[in-house]
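Chemist: Chains as they are written, first to last, in this note's numbering: chain A, 1 to 610; chain B, 1 to 486.
Take these hints with a grain of salt, some might be off.
As the list claims (entries may be wrong) - If you want the ones that stay clear, here's a sample from chain B, every Cβ over 12 Å from chain A, calculated:
no.: 1; residue: Tyr34
no.: 2; residue: Glu317
no.: 3; residue: Gly391
Said to hold, decoys possible - Below are the BS3-like pairs computed for lysine-lysine, each with C-alpha atoms no more than 27 Å apart in a straight line:
no.: 4; chain 1: A; residue 1: Lys85; chain 2: B; residue 2: Lys358
no.: 5; chain 1: A; residue 1: Lys186; chain 2: A; residue 2: Lys231
no.: 6; chain 1: A; residue 1: Lys85; chain 2: B; residue 2: Lys175
no.: 7; chain 1: B; residue 1: Lys367; chain 2: B; residue 2: Lys327
no.: 8; chain 1: B; residue 1: Lys114; chain 2: B; residue 2: Lys2
no.: 9; chain 1: A; residue 1: Lys231; chain 2: A; residue 2: Lys92
no.: 10; chain 1: A; residue 1: Lys241; chain 2: A; residue 2: Lys85
no.: 11; chain 1: A; residue 1: Lys85; chain 2: A; residue 2: Lys233
no.: 12; chain 1: B; residue 1: Lys327; chain 2: A; residue 2: Lys92
no.: 13; chain 1: A; residue 1: Lys335; chain 2: A; residue 2: Lys92
no.: 14; chain 1: B; residue 1: Lys358; chain 2: B; residue 2: Lys327
no.: 15; chain 1: B; residue 1: Lys332; chain 2: B; residue 2: Lys358
no.: 16; chain 1: B; residue 1: Lys99; chain 2: A; residue 2: Lys85
no.: 17; chain 1: A; residue 1: Lys186; chain 2: A; residue 2: Lys85
no.: 18; chain 1: B; residue 1: Lys2; chain 2: A; residue 2: Lys186
What the hints contain is simulated information worked out from the structure, not anything from laboratory work. These numbers were taken from a predicted model, which means no experiment stands behind them. Every residue, glycine too, gets a C-beta built ideally from N, C-alpha and C.
So the chains spell out like this:
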Amino acid sequence: MVGLDGLEPSIVEGLLARGALPNLARLRAEGGLGRVATTSPAQTPVAWSSFATGLNPGGHRIFDFLRRDPKTYLPDLALNEYEQKNAFVPPKAVNLRRGTPIWSVLDAAGIGSTILRCPCSYPPDAVKHRMLSGMGVPDVRGGLGTPTYFTTDPEERPRESEQISRLERRGDGLYVGRLIGPRNPKDRTDMTVELLIRPDREGRRVVVESSGLPRALEVREGGWSEWLRVKFKAGLLTSVKAMVRLHVLAIEPELRLYASPVNFDPAMPMFPISHPFDYARELADEIGLFYTTGMVEDHTGLNNERIGEEAFLAQCEDVWRERTAMMERELSRQKDGLFYVLFDTTDRVQHLFWRFREPDHPANQGRAARPDLAGIIEDQYIRGDAVVGRALEHADDETLVIALSDHGFNSFRRCVDLNAWLRENGLLTLKAGHDPGTHGDEFLQGIDWSRTKAYALGLTGLFLNIEGREGQGIVPPDEADRLKAEIASGLTGLVDRETGGVAVNAALSREAVYHGPFVGEAPDVVVHYNAGYRVGWSASMGGVGRTVFEDNTKPWAGDHIIDPALVPGVLAMNRPFRAQGARLIDMAPSILEALGAPKGEAMEGESLFS
Amino acid sequence: MKILVLGLDCAAPELLLGWDDLPNIRNLMAAGGYGRLESVIPPITVPAWMCMSTSQDPGSLGVYGFRNRADHSYDKLSIATSRSIQELAIWDQLAREGKRSICVGVPPGYPPRKVNGLWVGCFMTPDTSKDVFTHPPDLGARLNALVGGYPVDVKGFRTDDKAWLRNQIFEMSRKQWTVVRHLMQNEPWDYFHFVDIGLDRMHHGFWKYHDPKHVHHEPGSPFEHAIHDYYRHLDVEIGQALELLDDETIVLVVSDHGARALDGGFCVNEWLIDQGDLVLNEYPAKATPFAQLSVDWSRTKAWSEGGYYARVFLNIEGREPTGAIPKADVLKYRDDLKLRLEATTGPDGTTLGTLVFKPEETYHNLKNVPPDLIVHFGALAWRSIGGVGYGRGTFHVQENDTGPDDCNHAQFGTFILGSPRGGLAGEVQGARLIDIAPTLLELSGHDVPPSMQGRSLVSGLSNTPPPSLDENQVIRDRLSGLGYIA
Chain A
1 MVGLDGLEPS IVEGLLARGA LPNLARLRAE GGLGRVATTS PAQTPVAWSS FATGLNPGGH
61 RIFDFLRRDP KTYLPDLALN EYEQKNAFVP PKAVNLRRGT PIWSVLDAAG IGSTILRCPC
121 SYPPDAVKHR MLSGMGVPDV RGGLGTPTYF TTDPEERPRE SEQISRLERR GDGLYVGRLI
181 GPRNPKDRTD MTVELLIRPD REGRRVVVES SGLPRALEVR EGGWSEWLRV KFKAGLLTSV
241 KAMVRLHVLA IEPELRLYAS PVNFDPAMPM FPISHPFDYA RELADEIGLF YTTGMVEDHT
301 GLNNERIGEE AFLAQCEDVW RERTAMMERE LSRQKDGLFY VLFDTTDRVQ HLFWRFREPD
361 HPANQGRAAR PDLAGIIEDQ YIRGDAVVGR ALEHADDETL VIALSDHGFN SFRRCVDLNA
421 WLRENGLLTL KAGHDPGTHG DEFLQGIDWS RTKAYALGLT GLFLNIEGRE GQGIVPPDEA
481 DRLKAEIASG LTGLVDRETG GVAVNAALSR EAVYHGPFVG EAPDVVVHYN AGYRVGWSAS
541 MGGVGRTVFE DNTKPWAGDH IIDPALVPGV LAMNRPFRAQ GARLIDMAPS ILEALGAPKG
601 EAMEGESLFS
Chain B
1 MKILVLGLDC AAPELLLGWD DLPNIRNLMA AGGYGRLESV IPPITVPAWM CMSTSQDPGS
61 LGVYGFRNRA DHSYDKLSIA TSRSIQELAI WDQLAREGKR SICVGVPPGY PPRKVNGLWV
121 GCFMTPDTSK DVFTHPPDLG ARLNALVGGY PVDVKGFRTD DKAWLRNQIF EMSRKQWTVV
181 RHLMQNEPWD YFHFVDIGLD RMHHGFWKYH DPKHVHHEPG SPFEHAIHDY YRHLDVEIGQ
241 ALELLDDETI VLVVSDHGAR ALDGGFCVNE WLIDQGDLVL NEYPAKATPF AQLSVDWSRT
301 KAWSEGGYYA RVFLNIEGRE PTGAIPKADV LKYRDDLKLR LEATTGPDGT TLGTLVFKPE
361 ETYHNLKNVP PDLIVHFGAL AWRSIGGVGY GRGTFHVQEN DTGPDDCNHA QFGTFILGSP
421 RGGLAGEVQG ARLIDIAPTL LELSGHDVPP SMQGRSLVSG LSNTPPPSLD ENQVIRDRLS
481 GLGYIA
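So that you can see chain A by itself, here it is in the shape it has in the complex:
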């Protein structure tokens, strides 16, 4: 099973018609190829969790990247959390995904699985073969990825999800900077490693000397360095091994450098990222060091316009290469059971290169036209097709080969600020002295809870401020259904006043979308946006904007968190299957049937082979 994250059916179909995807075409000829219904929301962690468990989100608990604590209204990542029993034992990562994933069902049936980088598989499960965790693995800062911008400019301020490290130019022309590592758990200060940087202007490169390995690291202008393996120390007792790649932005007139998020070292990660624990190290010993964070490609750097498209694509190329090497190594060893690998570079590239397909995209305003980049997305699909071809080489007549994308893709031109809409409709009130659009009011901090009935957070929908459930709830529980219906009907068909287009296809009460034990944790109202729309940047973080609609001008100009009916995934298999009405939740039962294992007890999907 090869996962190709976010392949859009219409693009696949177009490329197939051009004969550009020979391996998917082969699957189509041997078995079939079709669209596959994704989850609501059409989002990677949600969709792959439904794939793995055969359950709708109400059964596996992953409704969004974000969740909130109703008591405090504070947001947090919804994929995993850390538990620390007491001050004397290290924290442990805990997966928040519920339900029984297919690899556990197979394990119970005595069938092994090798699972590489499936979203929401962190911490790794003790599978019979091997597991390498994917989306959910943090960098050493604990987030999804925090890159560092090195500059001599004392005025420079960090952009989104970024940290600044000041370079100091010494008399001898060398620069001194500090690589920022994890926070010291004791005093919360940053653990750092000193870098001594020797610019070589003629050679168009710099040499970075540090206590890490290699001691002297060459970084050529425009490219990424090899991995620099470092050890951050806090006092005598605490040290963290990690690794980072550097990128030179400019050598003259003043040096500017960029560092990828600091990744766990597969040989000694801060938290387990593989099962067995040493598997990540074995893999690195064999195929070389690889990115370990859950979201590898440095979209932050590109979205912040720190790094250019070329640097981003160079990194994507590395990811394709290392992920393919992992796949090849395991496929050449594995004799039976389930093999799964996810390639998610396709998703990241589409987010950031979609605007080059649409010259009139708002994100192109004020930015130089790059017609040379218009075909990058197709290139990535072709790359993905080649990976499927490599997998097919390892398949015998008895092997079921699956290529699957979890959702499609679309343009993200206009932002819908749900909190601004709630405010306009009298359902949300800001505290006295707080104006909409105030910077620093994200995380729902500007809201007067005593006069707020509903609030939006995350990418999926919005929540009611319910008495007894929320910390300062005011909506009586018996009025919740009526209010949900009122909001849903108000949002459904919402018209973008500027363009005249419909922005919201449907807003639905969560009970209409989900069923199962965790429905109570879902947003109360789920919003299905029309093509071209998505929740606004500020509202997703609990901010309240000035206007309901605005252009999306960020390089992150493609997205898929819209009406799931508009962004189905793609499924291709080398065995005939029932393509009509195929859903992601049908995949686990299908694979179980193919492997002769009983269907998971609670799985909602149906095998596509029966």
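Based on the hints, put chain B in the right spot on chain A.
Modeler: Below, chain B alone, put in the same frame as chain A:
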């Protein structure tokens, strides 16, 4: 606030605090305070654990070692048992406030003490399949069933069959830790105290393989890493125990004394004979325990008991049955003997660095019958051999009268103390074994009885919690780089 004491008998600070592949130990060190811990004189399992638990020195307990003179006769030695300790221990102090304690293997722990809670006997228990070794008595059968026979020691640990010994010690320790975790999880407790005796047995059995400076070191032996392996085993067991705690428990990992290489045995009674202090009716043809010698008491001024250290007794007129030192001369004679003992030399003729202690200068009280001098030959690099018959003038031997033994105890044990709120941080200097009980009492919010001889290590320390990160910053850290919400 609860208290968990994990005793590692004989744990050496340079190993426990020095090895960096003990992640759970390192975590605990990073979360609390740690350092060397000065033991009592003598640094011996009995009475050291009870000195720690009562905050009383050996003289105040009236227990100067495993074997103590019962009276001033020449032959009556009594073995210390749990009943020899009359002073109130920390669990007795806590019981006065209704707190429950569970003690597992705290020496001397046989016969079992009737604590307010549970007691499991120590290595001195003769036979756990026959004898009552727990309080309440029926607990023993439960523990035997739980682990398939509860072991308290490896019988015959002074052996040359090292593979057997290693396996036996590891198996014993695993069973004991299983019991510890079982009791931690299934029984109520406010104070829990376990002593792993296996580490002491490992040190005595395997030190020569571990320590390249040991006189009998065998490089490349299959047992080279046996001691290190045992520390790693302890680290894993400790980590599993810590996982069971809530965040209202004080944790102490502690040893009663340290460990050091043993250079050999010093034949103290041979030396006393040579010096003219001890006179035999007949010098034995072969090595003979002191108790079996025919001593001319009328001409004998001093004799000694062997062991890891020496207890030297004077034959005083009016005190011993056939006293030979006039009362008036005792102090002068003893000073002279002390000087001569301090000047003892090794096989190469250089001074051993022997330490000699006078009980009245060492202890607050002198209960029962103290030795007249306490001698650490070569500061415990040499153990004391009590037997005679190694050949006149032979003071240094490599064989041991009680079986093969590679290590002696060292004066400094070690401790790591973590408290959920405040407490110690970083390396702590000057801590003593008798400071432990008052420290634990103060940390857990109890009064320290004035009779305790140690001082609380945390008295006067402010309890400032570590700075907490701004909540929003925590969230920002967690969500950094999500992309969708940038």
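Chemist: Within 27 Å, alpha carbon to alpha carbon, are Lys241(A) and Lys85(A)?
Modeler: holds (24 Å)
Chemist: Would you assess whether Gly391(B), listed as outside the interface, keeps its beta-carbon beyond 12 Å of every beta-carbon in chain A?
Modeler: Non-interface label on Gly391(B) holds, nearest chain A Cβ at 51 Å vs cutoff 12 Å.
Chemist: Taking only the CA atoms, is the gap from Lys85(A) to Lys358(B) under or equal to 27 Å?
Modeler: Cα-Cα ~49 Å, so violated.
Chemist: Between Lys85(A) and Lys233(A), does the CA-CA distance stay at or below 27 Å?
Modeler: Cα-Cα ~24 Å, so holds.
Chemist: Within a Cα-Cα threshold of 27 Å, do Lys367(B) and Lys327(B) meet the stated pairing?
Modeler: Cα-Cα ~20 Å, so holds.
Chemist: Given the hint that Lys186(A) pairs with Lys85(A), does the C-alpha gap stay at or below 27 Å?
Modeler: Holds - the C-alpha atoms of Lys85(A) and Lys186(A) are around 17 Å apart, at most 27 Å.
Chemist: Is the straight-line distance between the alpha-carbon of Lys99(B) and that of Lys85(A) 27 Å or less?
Modeler: Given that 27 Å is the threshold and the Cα spacing comes to 23 Å, the pair holds.
Chemist: Assess, step by step, whether the Cα of Lys186(A) is no farther than 27 Å from the Cα of Lys231(A), and give holds or violated.
Modeler: Holds, at about 17 Å.
Chemist: Between Lys2(B) and Lys186(A), does the CA-CA distance stay at or below 27 Å?
Modeler: Given pair Lys2(B), Lys186(A) holds - Cα atoms ~23 Å apart, limit 27 Å.
Chemist: Regarding the pair Lys231(A) and Lys92(A), is the alpha-carbon distance no greater than 27 Å?
Modeler: holds (21 Å)
Chemist: Hinted pair, alpha-carbon criterion (27 Å max): Lys85(A), Lys175(B). Please report holds or violated.
Modeler: holds (24 Å)
Chemist: Please work out if Lys335(A) and Lys92(A) have their alpha carbons no farther apart than 27 Å.
Modeler: Violated, at roughly 33 Å.
The structure is inconsistent with the numbered hints 1, 4, 12, 13, although it conforms to all the rest.
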